[in-house]
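Q: Given next are the chains, with one letter for each unit.
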Amino acid sequence: MIEQDVLERVLAGAVSDGADFAEVYAEDKRSTSAGLDDGRVEQVTSGRDRGAGIRVVAGDTTGFAYTSDLTEPGLEAAAGAAAAAASQGGGGVRTVALTASAPHRPNRVEQDPDTVAKAAKVELLNRMDDAARSYGPEIVQVSAGYGDSRKNVLVANTDGVMTSDEVVRTLLRISAVADGDTGMQTGYQSMGHTIGFEVFNSVDVEELAREAARQAITKLRARPAPSGAMPVVIKHGTGGVLFHEACGHGLEADIIAKGASVYAGKVGQQVASPLVTLVDDGTMPGEWGTLGFDDEGHITQRNVLIEDGMLSDYMWDFLRARKEGRPQSGNGRRQSYQHLPMVRMTNTFVLDGPDDADDIIASTPNGVYVSKLGGGSVNTATGDFVFGMTEAYLIENGEITEPLRDGNLIGNGPKVLQDIDMLANDFSMGSPGTCGKDGQGVPVGDGQPTLRVKSLTIGGTSS
Amino acid sequence: MSAFESELQIVADRVIDQARSGEQIEAFVARGGETEVRVYEGDVEHFVSAQSEGIGIRVIVDGRTGFAYAGTLDDSAIAEVLAEARDNVQFGTVDEWAALAEPDGVAVTEQTLWNEELADFPTDQKIDLAKELEKLASGADPRVRVDDSNYADAYGESAVASTTGIRMSGRENGCYVSVSTLADEGEGDDAETQTGFGFSVGRSPSEFDLDRAAREAADRATRLLGATQPPSKRLTVVLDPFVTAQFLGVISSTLNGEAVVKGRSLFRDRLGDEVAASIVTFVDDPTNPKAYTATDVDGEGLAARRNVLIEDGVLKKFVHNSYSARRAGTVSTGNATRGGFAGTPGVGCLAISLVPGDRSQEELIADVDDGLLVQQMQGLHSGVNPISGDFSTGAAGLLIENGTLGAPVREITIASTLQRMLLDIVEVGGDIDWLPMNSAGMSLVISDVTMSGA
Numbered sequence: 293m294i295e296q297d298v299l300e301r302v303l304a305g306a307v308s309d310g311a312d313f314a315e316v317y318a319e320d321k322r323s324t325s326a327g328l329d330d331g332r333v334e335q336v337t338s339g340r341d342r343g344a345g346i347r348v349v350a351g352d353t354t355g356f357a358y359t360s361d362l363t364e365p366g367l368e369a370a371a372g373a374a375a376a377a378a379s380q381g382g383g384g385v386r387t388v389a390l391t392a393s394a395p396h397r398p399n400r401v402e403q404d405p406d407t408v409a410k411a412a413k414v415e416l417l418n419r420m421d422d423a424a425r426s427y428g429p430e431i432v433q434v435s436a437g438y439g440d441s442r443k444n445v446l447v448a449n450t451d452g453v454m455t456s457d458e459v460v461r462t463l464l465r466i467s468a469v470a471d472g473d474t475g476m477q478t479g480y481q482s483m484g485h486t487i488g489f490e491v492f493n494s495v496d497v498e499e500l501a502r503e504a505a506r507q508a509i510t511k512l513r514a515r516p517a518p519s520g521a522m523p524v525v526i527k528h529g530t531g532g533v534l535f536h537e538a539c540g541h542g543l544e545a546d547i548i549a550k551g552a553s554v555y556a557g558k559v560g561q562q563v564a565s566p567l568v569t570l571v572d573d574g575t576m577p578g579e580w581g582t583l584g585f586d587d588e589g590h591i592t593q594r595n596v597l598i599e600d601g602m603l604s605d606y607m608w609d610f611l612r613a614r615k616e617g618r619p620q621s622g623n624g625r626r627q628s629y630q631h632l633p634m635v636r637m638t639n640t641f642v643l644d645g646p647d648d649a650d651d652i653i654a655s656t657p658n659g660v661y662v663s664k665l666g667g668g669s670v671n672t673a674t675g676d677f678v679f680g681m682t683e684a685y686l687i688e689n690g691e692i693t694e695p696l697r698d699g700n701l702i703g704n705g706p707k708v709l710q711d712i713d714m715l716a717n718d719f720s721m722g723s724p725g726t727c728g729k730d731g732q733g734v735p736v737g738d739g740q741p742t743l744r745v746k747s748l749t750i751g752g753t754s755s
Numbered sequence: 119m120s121a122f123e124s125e126l127q128i129v130a131d132r133v134i135d136q137a138r139s140g141e142q143i144e145a146f147v148a149r150g151g152e153t154e155v156r157v158y159e160g161d162v163e164h165f166v167s168a169q170s171e172g173i174g175i176r177v178i179v180d181g182r183t184g185f186a187y188a189g190t191l192d193d194s195a196i197a198e199v200l201a202e203a204r205d206n207v208q209f210g211t212v213d214e215w216a217a218l219a220e221p222d223g224v225a226v227t228e229q230t231l232w233n234e235e236l237a238d239f240p241t242d243q244k245i246d247l248a249k250e251l252e253k254l255a256s257g258a259d260p261r262v263r264v265d266d267s268n269y270a271d272a273y274g275e276s277a278v279a280s281t282t283g284i285r286m287s288g289r290e291n292g293c294y295v296s297v298s299t300l301a302d303e304g305e306g307d308d309a310e311t312q313t314g315f316g317f318s319v320g321r322s323p324s325e326f327d328l329d330r331a332a333r334e335a336a337d338r339a340t341r342l343l344g345a346t347q348p349p350s351k352r353l354t355v356v357l358d359p360f361v362t363a364q365f366l367g368v369i370s371s372t373l374n375g376e377a378v379v380k381g382r383s384l385f386r387d388r389l390g391d392e393v394a395a396s397i398v399t400f401v402d403d404p405t406n407p408k409a410y411t412a413t414d415v416d417g418e419g420l421a422a423r424r425n426v427l428i429e430d431g432v433l434k435k436f437v438h439n440s441y442s443a444r445r446a447g448t449v450s451t452g453n454a455t456r457g458g459f460a461g462t463p464g465v466g467c468l469a470i471s472l473v474p475g476d477r478s479q480e481e482l483i484a485d486v487d488d489g490l491l492v493q494q495m496q497g498l499h500s501g502v503n504p505i506s507g508d509f510s511t512g513a514a515g516l517l518i519e520n521g522t523l524g525a526p527v528r529e530i531t532i533a534s535t536l537q538r539m540l541l542d543i544v545e546v547g548g549d550i551d552w553l554p555m556n557s558a559g560m561s562l563v564i565s566d567v568t569m570s571g572a
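Protein sequences appear in the order of chains A and B. In terms of our numbering, the first sequence opens at residue 293 and continues consecutively. In terms of our numbering, the second sequence opens at residue 119 and continues consecutively.
I should point out that these hints are in silico values taken from the structure, not numbers from a laboratory. Where a beta carbon is used, it is the ideal one built from N, C-alpha and C, also for glycine. Hints are supplied without guarantee of correctness; some may be wrong.
[Claimed, not checked] Straight-line alpha carbon distances no greater than 35 Å define the calculated DSBU-like cross-link-like pairs of lysine-lysine that follow:
hint	chain 1	residue 1	chain 2	residue 2
1	A	321	B	351
2	B	351	A	707
3	A	729	B	434
4	B	380	A	615
5	A	615	B	351
6	B	434	A	410
7	A	443	A	615
8	A	550	B	249
9	B	253	A	550
10	B	408	B	434
11	B	408	B	249
12	B	249	A	558
13	A	558	A	746
14	A	729	B	380
15	A	321	A	443
16	A	558	A	615
17	B	408	B	351
18	A	558	A	729
19	B	380	A	321
20	B	253	A	558
21	A	558	B	380
22	A	729	B	253
23	A	746	B	351
24	A	558	A	707
[What the hints assert, rightly or not] Derived contacts from chain A toward chain B, CB cut-off under 10 Å, selection only:
hint	residue
25	326
26	345
27	357
28	404
29	667
30	689
31	693
32	694
33	747
34	752
[What the hints assert, rightly or not] Chain A regions said to be covered by chain B (calculated; three or more residues, Cβ under 8 Å):
hint	segment
35	408 to 417
36	517 to 526
37	540 to 552
38	573 to 586
39	601 to 609
Construct the entire structure; sequences and hints are all you get.
A: Listed below in structure tokens is the structure:
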């Protein structure tokens, strides 16, 4: 994308006014997406995003500028703007010598989506539309989307780091609307991986569509969700967002540094039930949050955040790690070249526990079983977090009974982590997610075995 | 966008000049820039200064649509975008209603959306504003510290041209300051932190009210100190103006013409029906210069206009772009939205408000015996289903007992359905506030909402 000698000159120029550190992050991304709605392929979209973000750090101040001009003069202009923004005086000449890192590719891409005919991509959507509509006459509307992208990333900095990576993504989503006497209900399914089009050799896209249709139709006979606190059982592979919100964000070192997390100062302490071991792992082959290198050129790794309930570490990016004089953890990420990196999760999940999933339900006299979660959000300073349930049932006398209408659940992170009293041995990863923080969205994965929280507040209307 | 003959218009014109026989082509070209300053503990934490530009091209042939975009305006890239958009046409399904917008003769309400004072505003004063706001917020109360204090501004310039005769360009700029606060109380295991925020927006920095932003940020955080989880019950809620604005945003998605023609709106067959309390008049008016999202043209280049969607509780109209209007057998209401050059126009409200009442929040609260003042909502994206109407969000606020504010509460949800909430609106406050979003806010009283807690 950019020649090494150009990078070395641009970086040296960026720190010539005395800054401590400079970095070039360049990306070239090609994407294809297709949307089907109301029985029609509405359009196929081709996109090209290409540019570089340049960061200059002087003391505690970061200057940042970006440009879509990847020529040497274009990069120099952006570097000049970033350096001026960070400018603290000083001066001197520094030379920068870059050493290219060996490639690190957790994912083997067999079929680059760029080489696949657009007709084959559109065909997936038509197949899903057919499958959802033929699932039942109650299905009155279907929308489906396909997306793929190939992003080449180059990171170089004045510490001599130079990495390049290629990230391929494929994504499919479907939403179905069912209509009945009680009004309309919706079902939603998605799948996303950091591998190529070969993923569709092993994924049954019709099954994904039928699942969305089944969910919508099931909810036509749903009753209002209860109101108040009760035990909640969350199905495996659907509830990773619980940990993402209940503690994931609160373990990000930038939030810790500002004293805006309930988990600040808690390393080495018991912060969760001893059943809980929480891991953030950017290296899991094919998962939605997987990267070879993070967006600061640091190799991704497996980080154990909570081990048997004990808080072992936070997640780190370059700036926060530098300030504490400790290694980065491969969690410096950004939405695009137009954004500054910050501490972000990758794939965040809880490891298997000792229990059997059926036993968990059978040993819950009354409560709620959530088999599909929506999004969530957290206030890291108070620990209060919410997440939506988009498919849920009552548990009565140890059995799953009636379906419930959509609603939010609310809990307090530190309390909920302690309240996890049963954890099954049926771990699976969940659906692809987009995590939002400070206006930036990045792809993340999550996963967990079936589990029970002793008490969570269900935000329904039925007493 | 303010009327302004942009050089981007030439780029857009050049693209549509290449249309072949039988092709409809639309080119949307945009360029923009931003400055963002974040201050922490008296120092600049980061300073972002950047520009970007790009083009999106839509091609329609015989009812099939193709689209492509690129984040650059290089001649070679533009040629590639046009070729890709043309190539993508063959994969679209024939849609008899697919067509570009055509000029509809509605006159543009001129607006002043460009401010020279902001365009010339010096960098060091931007930094000073963020530092000043941080100082004011942390000085407002001894329990308050500042998480971050920000100044941001942005400008945008765009042009659209189509083979159907649309030709429009303009530019706009704006700025805001914002501050996030933390309020602490107690020690050790009793230590507690609550959060707040404050902001001020303007076409130029001279319109900022830093004192108010700082005071509100401190008040929002300190008011919730000592909050506990109350038992569940049904009560009347008073939504704070900022919360009302978020609620109106959800309502607006049910009045979206695209959702209506595709059968996804719960109000799809209710035109002419009483869908809200008779005191409710819901207006979308981007020609109101007080609206933060005021604009003179919509995303397809048609004049933006005032539309009354619910009048005295009766559903009068849905909002449309040219496509959804054609399908519904009506005309565009000037409500095409466009998120930038990377997408095609959607449908949406542009600048929402309720016609305000005439009483203050204090007066509204005085009439509530058993209620909750909702200061913040959490999880609108996860617990609200605008197709089924189910409404459930996390909340925090203050209980209302016999007309006065009582104890702070947190870790609660409030729930009802959108259909019921509109009918259960008891009063619209007179405290209208134009917020940095596509909706104004005012206090809103809604009865019979379920609060879930312990």
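Q: Would you mind marking each hint as holding or not holding in the structure?
A: Against the structure, the hints come out as follows:
Taking the CA atoms of residue 321/A and residue 351/B, the gap is about 52 Å. The hint is violated against a cut of 35 Å. For the given pair, residue 351/B sits about 23 Å from residue 707/A by alpha-carbon distance, which is consistent with the 35 Å threshold. Proximity of residue 729/A to residue 434/B is assessed by CA-CA distance (about 38 Å); at most 35 Å being required, the pair is judged violated. Of the pairs offered as hints, the one joining residue 380/B and residue 615/A is violated, with about 54 Å between alpha carbons and a cut-off of 35 Å exceeded.
Distance check on the hinted pair: residue 615/A and residue 351/B sit about 48 Å apart at the alpha-carbon level, beyond 35 Å; violated. Distance check on the hinted pair: residue 434/B and residue 410/A sit about 42 Å apart at the alpha-carbon level, beyond 35 Å; violated. Note on residue 443/A and residue 615/A: the hinted pairing holds, with a Cα-Cα distance of about 30 Å set against a maximum of 35 Å. For the proposed pair residue 550/A and residue 249/B, the alpha carbon gap of about 17 Å is at most 35 Å, so the pair holds.
A C-alpha spacing of about 17 Å is found between residue 253/B and residue 550/A, which places the hinted pair at or below 35 Å, so the restraint holds. Taken as a hint, the residue 408/B and residue 434/B pair is honoured in the structure, with Cα atoms around 24 Å apart against an allowance of 35 Å. Using a Cα cut-off of 35 Å, the hinted pair residue 408/B and residue 249/B holds, with the two alpha carbons roughly 27 Å apart. For a cut-off of 35 Å, the pair hint linking residue 249/B to residue 558/A stands: about 31 Å separates their Cα positions.
With a C-alpha separation of about 23 Å, the suggested pair residue 558/A and residue 746/A falls inside the 35 Å cut-off, and the hint holds. This hinted pair checks out: residue 729/A and residue 380/B have alpha carbons roughly 32 Å apart, not beyond 35 Å. Of the pairs offered as hints, the one joining residue 321/A and residue 443/A holds, with about 4 Å between alpha carbons and a cut-off of 35 Å not exceeded. Between residue 558/A and residue 615/A, the direct Cα distance comes to roughly 19 Å. Compliance with the 35 Å bound is thereby established for this hinted pair.
Among the hinted pairs, residue 408/B with residue 351/B is inconsistent with the structure: their alpha-carbon atoms are about 38 Å apart, more than 35 Å. Annotation: proposed proximity of residue 558/A to residue 729/A holds, straight-line Cα distance about 23 Å (limit 35 Å). As the CA atoms of residue 380/B and residue 321/A are separated by approximately 33 Å, the hinted pair is consistent with the 35 Å bound. Pair hint residue 253/B plus residue 558/A holds up; C-alpha atoms about 30 Å apart against a cutoff of 35 Å.
Taken as a hint, the residue 558/A and residue 380/B pair is broken in the structure, with Cα atoms around 51 Å apart against an allowance of 35 Å. This hinted pair checks out: residue 729/A and residue 253/B have alpha carbons roughly 25 Å apart, not beyond 35 Å. Distance hint between residue 746/A and residue 351/B is fulfilled; the C-alpha atoms sit about 22 Å from each other, no more than 35 Å. Restraint check for residue 558/A and residue 707/A: the C-alpha separation of about 14 Å stays at or below 35 Å, so the hint holds.
Evaluation of the residue 326/A hint against chain B yields a held restraint, the C-beta minimum of about 7 Å falling below 10 Å. With its C-beta approaching chain B no nearer than about 8 Å, residue 345/A sits inside the 10 Å limit, and its interface hint holds. Interface hint at residue 357/A: satisfied, since its Cβ lies 5 Å from the closest Cβ of chain B, which is below the 10 Å cut-off. With a least beta-carbon distance of about 17 Å to chain B, the hint placing residue 404/A at the interface is violated under the 10 Å criterion.
The closest approach between the C-beta of residue 667/A and any C-beta of chain B is roughly 4 Å, which is under the 10 Å cut-off, so the hint is satisfied. Contact between residue 689/A and chain B, as hinted, is not supported at the beta carbon level, the nearest pair being about 23 Å apart and thus beyond 10 Å. Hint on residue 693/A is violated. Least Cβ distance to chain B is approximately 19 Å, over the 10 Å limit. Hint status for residue 694/A: violated, given a least beta-carbon distance of 16 Å to chain B, over 10 Å.
The beta carbon of residue 747/A is positioned within 10 Å of a beta carbon in chain B (closest approach about 9 Å), and the interface hint is therefore held. For residue 752/A, the suggested interface contact is upheld, since its CB lies about 6 Å from the closest CB of chain B, less than 10 Å. Taking a C-beta to C-beta cut-off of 8 Å, the segment 408 to 417 of chain A contributes 3 residues in contact with chain B, enough for the three needed, and the coverage statement holds. Taking a C-beta to C-beta cut-off of 8 Å, the segment 517 to 526 of chain A contributes 4 residues in contact with chain B, enough for the three needed, and the coverage statement holds.
With 3 residues having a beta carbon nearer than 8 Å to a beta carbon of chain B, the segment 540 to 552 of chain A meets the requirement of three or more and the stated coverage holds. Only residues whose beta carbon comes within less than 8 Å of a beta carbon in chain B count, and the segment 573 to 586 of chain A has 0; fewer than three means the coverage is violated. Beta-carbon proximity to chain B at under 8 Å applies to 0 residues in the segment 601 to 609 of chain A; the threshold of 3 is not reached and the given coverage is violated.
Of the numbered hints listed earlier, those contradicted by the structure are 1, 3, 4, 5, 6, 17, 21, 28, 30, 31, 32, 38, 39.
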